[in-house]
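Student: The lines below spell out each chain.
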Amino acid sequence: MRALPILTAPAFGLTVQRLCRQLVEDRGDLGETALVGLHPRGVYFSRRLRDELVKITGNDAITYGELDITFHRDDFRQRAVTAPPATTQIDFSVDGRRVLLIDDVLYTGRTIRAGLDALMAFGRPRSVELMVLIDRRFSRELPIQADYVGRAVDTLNGQRIQVEWLESDGIDRVSITREVS
Amino acid sequence: MSDTLGTQHLLGIDDLSAGDIDLILRTADGFKEVLARPMRKVPSLRDITVANIFFENSTRTRLSFELAEKRLSADVVNFSASSSSTKKGETLLDTVNNILAMKVDLVVMRHQDPGAAVFLAKHTKARVINAGDGAHEHPTQALLDAYSIREKFGKVAGVKVAIVGDILHSRVAWSNVRCLQKLGAEVMLCGPVTLIPKHAAELGVRISHDLDAALRWCDVANMLRIQMERQGDGPAYFPSLREYTMLFGLDRKRYESLGKEVVLMHPGPINRGVEISSDMADSGASIILQQVENGVAVRMAVLYLLAAGMDRTGIS
Numbered sequence: 285m286r287a288l289p290i291l292t293a294p295a296f297g298l299t300v301q302r303l304c305r306q307l308v309e310d311r312g313d314l315g316e317t318a319l320v321g322l323h324p325r326g327v328y329f330s331r332r333l334r335d336e337l338v339k340i341t342g343n344d345a346i347t348y349g350e351l352d353i354t355f356h357r358d359d360f361r362q363r364a365v366t367a368p369p370a371t372t373q374i375d376f377s378v379d380g381r382r383v384l385l386i387d388d389v390l391y392t393g394r395t396i397r398a399g400l401d402a403l404m405a406f407g408r409p410r411s412v413e414l415m416v417l418i419d420r421r422f423s424r425e426l427p428i429q430a431d432y433v434g435r436a437v438d439t440l441n442g443q444r445i446q447v448e449w450l451e452s453d454g455i456d457r458v459s460i461t462r463e464v465s
Numbered sequence: 402m403s404d405t406l407g408t409q410h411l412l413g414i415d416d417l418s419a420g421d422i423d424l425i426l427r428t429a430d431g432f433k434e435v436l437a438r439p440m441r442k443v444p445s446l447r448d449i450t451v452a453n454i455f456f457e458n459s460t461r462t463r464l465s466f467e468l469a470e471k472r473l474s475a476d477v478v479n480f481s482a483s484s485s486s487t488k489k490g491e492t493l494l495d496t497v498n499n500i501l502a503m504k505v506d507l508v509v510m511r512h513q514d515p516g517a518a519v520f521l522a523k524h525t526k527a528r529v530i531n532a533g534d535g536a537h538e539h540p541t542q543a544l545l546d547a548y549s550i551r552e553k554f555g556k557v558a559g560v561k562v563a564i565v566g567d568i569l570h571s572r573v574a575w576s577n578v579r580c581l582q583k584l585g586a587e588v589m590l591c592g593p594v595t596l597i598p599k600h601a602a603e604l605g606v607r608i609s610h611d612l613d614a615a616l617r618w619c620d621v622a623n624m625l626r627i628q629m630e631r632q633g634d635g636p637a638y639f640p641s642l643r644e645y646t647m648l649f650g651l652d653r654k655r656y657e658s659l660g661k662e663v664v665l666m667h668p669g670p671i672n673r674g675v676e677i678s679s680d681m682a683d684s685g686a687s688i689i690l691q692q693v694e695n696g697v698a699v700r701m702a703v704l705y706l707l708a709a710g711m712d713r714t715g716i717s
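Order-wise, the sequence lines are chains A and B. Each step along the first sequence adds one to the number in the numbering used here, with nothing skipped, and position 46 is 330. Each step along the second sequence adds one to the number in the numbering used here, with nothing skipped, and position 187 is 588.
No lab work stands behind these hints, which were simulated from the structure alone. One should not assume that every hint holds.
[To be verified] Within a straight-line C-alpha distance of at most 25 Å, the following computed SDA-like cross-link-like pairs (lysine to any residue) qualify: (1) B:K561 with B:S687; (2) B:K556 with B:K471; (3) B:K471 with A:R397; (4) B:K471 with A:L400; (5) B:K433 with A:Y391; (6) B:K471 with A:R286.
[Stated by the list, open to error] Facing chain A, a subset of chain B residues (Cβ under 8 Å, in silico): (7) V435; (8) L436; (9) R438; (10) P439; (11) V443; (12) S445; (13) A708; (14) M711.
[Unchecked claim] To list a few chain A residues with every Cβ distance to chain B over 12 Å, as calculated: (15) L288; (16) D310; (17) R311; (18) D335; (19) I340; (20) H356; (21) A370; (22) T371; (23) T372; (24) I374; (25) V378; (26) D379; (27) R421; (28) I428; (29) D431.
The beta carbon of each residue, even a glycine, is placed where N, CA and C say it ideally should be.
Go ahead and model the full structure; you've got the sequences and the hints to work with.
Tutor: Here it is in structure tokens:
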């Protein structure tokens with residue numbers, strides 16, 4: 285296994301900032317927007333985005349939640365482990381809001397499908413958009429695409445994308461790990 | 402920390418390690434959150450069919466299981482002995498095999514005979530959850546009691562729990578003792594000499610025949626129901642209900658004389674004015690209704706984790 289870094293500081297931080305500014309450009313003060321990060325790894329991204337957006341907009345009351353999708357997965361019986369759920373925290377009504385789902389990597393699209401399903405249990409949003417840090421192109425198994433993409437990468441199926449966050453892994457870095465043939 | 406159960410069936414608390422119990426309680430936390438959502442339903446078990454087979458009366462447990470199954474999107478069939486062929490002489494195995502021939506993946510069974518669930522698990526391919534077998538075990542009740550204690554105290558280890566009343570006939574008591582001990586709680590059994598079997602001491606629990614002493618010792622009192630239906634025509638194990646209440650019933654006067662807080666639990670159904678007075682059952686010290694609420698989340702966790710071990714085609 286060899287890890288090939290594809291996004292490191294300072295480009296990593298700039299990418300997050302660019303996505304924030306893009307969002308503000310599209311949506312203004314984010315009054316109707318709710319940010320919803322997907323557990324387990326998307327929440328590092330969503331928390332970073334929230335902090336960055338507070339700095340940019342000066343609005344420290346951005347609606348923010350975190351969603352665990354374990355019980356909505358379509359593959360829970362095929363996985364070796366049944367990961368115990370992280371805590372979902374959505375203490376606002378989703379009804380009528382413009383929800384931005386946030387995850388670190390978009391790959392097959394199945395996690396996002398489960399996320400959409402889980403989100404609907406909290407009401408009927410006016411719209412849902414998707415923001416990801418990394419979009420693994422040409423590997424989708426469902427017709428799901430992201431509205432905001434940090435970096436699009438082309439990968440083989442045997443490869444893995446690893447996203448590390450300062451908060452949990454001590455470094456901001458995205459790398460491709462590839463099998464040594 | 403493991404993420405899968407070490408058992409295919411839940412026949413008794415003995416099937417579970419402390420790690421398994423911890424996994425069930427942690428998973429139940431997730432389901433408790435689901436039950437607080439505007440839409441209290443997840444699709445996890447939508448390709449699973451569950452049969453609730455009750456050979457003995459039950460309101461709470463059966464309703465709780467059925468709700469748990471429906472909240473997980475399982476298909477549910479119900480069967481009760483009073484409306485069935487068992488009245489016509491069909492054996493347990495035949496009854497169950499007929500139900501399983503209709504492609505049921507999971508069976509929740511209550512039966513009056515101890516060991517019925519074990520027997521069923523040996524002879525069928527479906528996963529089995531014991532919802533009470535005679536005076537043997539009622540594992541999900543013990544799990545929800547442990548969950549409620551954990552919720553109240555933030556932990557189970559070190560908490561002092563007194564189980565009071567009809568220990569002799571109580572599957573809840575036995576499952577609770579096993580479960581609480583695995584989680585590191587201290588357990589005391591309290592009741593009339595006639596209602597605490599002699600072998601109880603071998604379980605490593607304290608025994609008391611004095612309710613006031615037990616209450617002074619404990620953090621939690623689990624007040625069991627006197628099972629009059631198992632005593633024949635009238636009280637057979639004590640002179641009268643009135644005497645039982647005087648010695649082992651909890652009322653406000655007795656509670657206030659303690660000068661400390663004790664959390665009150667009851668597995669239901671309550672005989673108000675016998676083992677616990679009405680005002681104490683409804684008081685701030687009581688977590689009886691929280692137990693019922695937690696029961697659905699805990700049963701969802703058990704169903705979910707057992708189903709996780711099945712392959713996509715149903716039974717592995």
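Student: Does each hint fit the structure? Answer for all of them.
Tutor: Taking the hints in turn, this is what the structure says about them:
1. B:K561 with B:S687: holds (16 Å)
2. B:K556 with B:K471: Answer violated: K556 (chain B) to K471 (chain B) is near 29 Å, above 25 Å.
3. B:K471 with A:R397: Satisfied, since the Cα-Cα distance of roughly 22 Å is no more than 25 Å.
4. B:K471 with A:L400: holds (21 Å)
5. B:K433 with A:Y391: violated (30 Å)
6. B:K471 with A:R286: violated (47 Å)
7. V435: Nearest chain A Cβ about 6 Å off; hint holds.
8. L436: violated (11 Å)
9. R438: Status holds, d = 5 Å.
10. P439: holds (6 Å)
11. V443: holds (4 Å)
12. S445: Nearest chain A Cβ about 5 Å off; hint holds.
13. A708: holds (7 Å)
14. M711: At 6 Å from the nearest chain A Cβ, M711 (chain B) passes the 8 Å test, so the hint holds.
15. L288: Check passes; 30 Å lies beyond 12 Å.
16. D310: At about 28 Å from chain B, D310 (chain A) clears the 12 Å cut-off, so the statement holds.
17. R311: holds (25 Å)
18. D335: holds (25 Å)
19. I340: The claim holds: I340 (chain A) sits with its nearest Cβ about 31 Å from chain B, beyond 12 Å.
20. H356: Not fine: 6 Å to the nearest Cβ puts H356 (chain A) too close to chain B.
21. A370: violated (8 Å)
22. T371: Since the minimum Cβ distance to chain B is about 7 Å, T371 (chain A) lies within 12 Å and the statement is violated.
23. T372: The claim is violated: T372 (chain A) sits with its nearest Cβ about 5 Å from chain B, within 12 Å.
24. I374: The assertion about I374 (chain A) is violated, with a minimum of 8 Å to chain B.
25. V378: The claim breaks: V378 (chain A) does not keep its Cβ more than 12 Å from every Cβ of chain B (closest is about 8 Å).
26. D379: Non-interface label on D379 (chain A) violated, nearest chain B Cβ at 9 Å vs cutoff 12 Å.
27. R421: holds (29 Å)
28. I428: holds (18 Å)
29. D431: The assertion about D431 (chain A) holds, with a minimum of 25 Å to chain B.
Of the numbered hints given earlier, the model fails hints 2, 5, 6, 8, 20, 21, 22, 23, 24, 25 and 26; all others are met.
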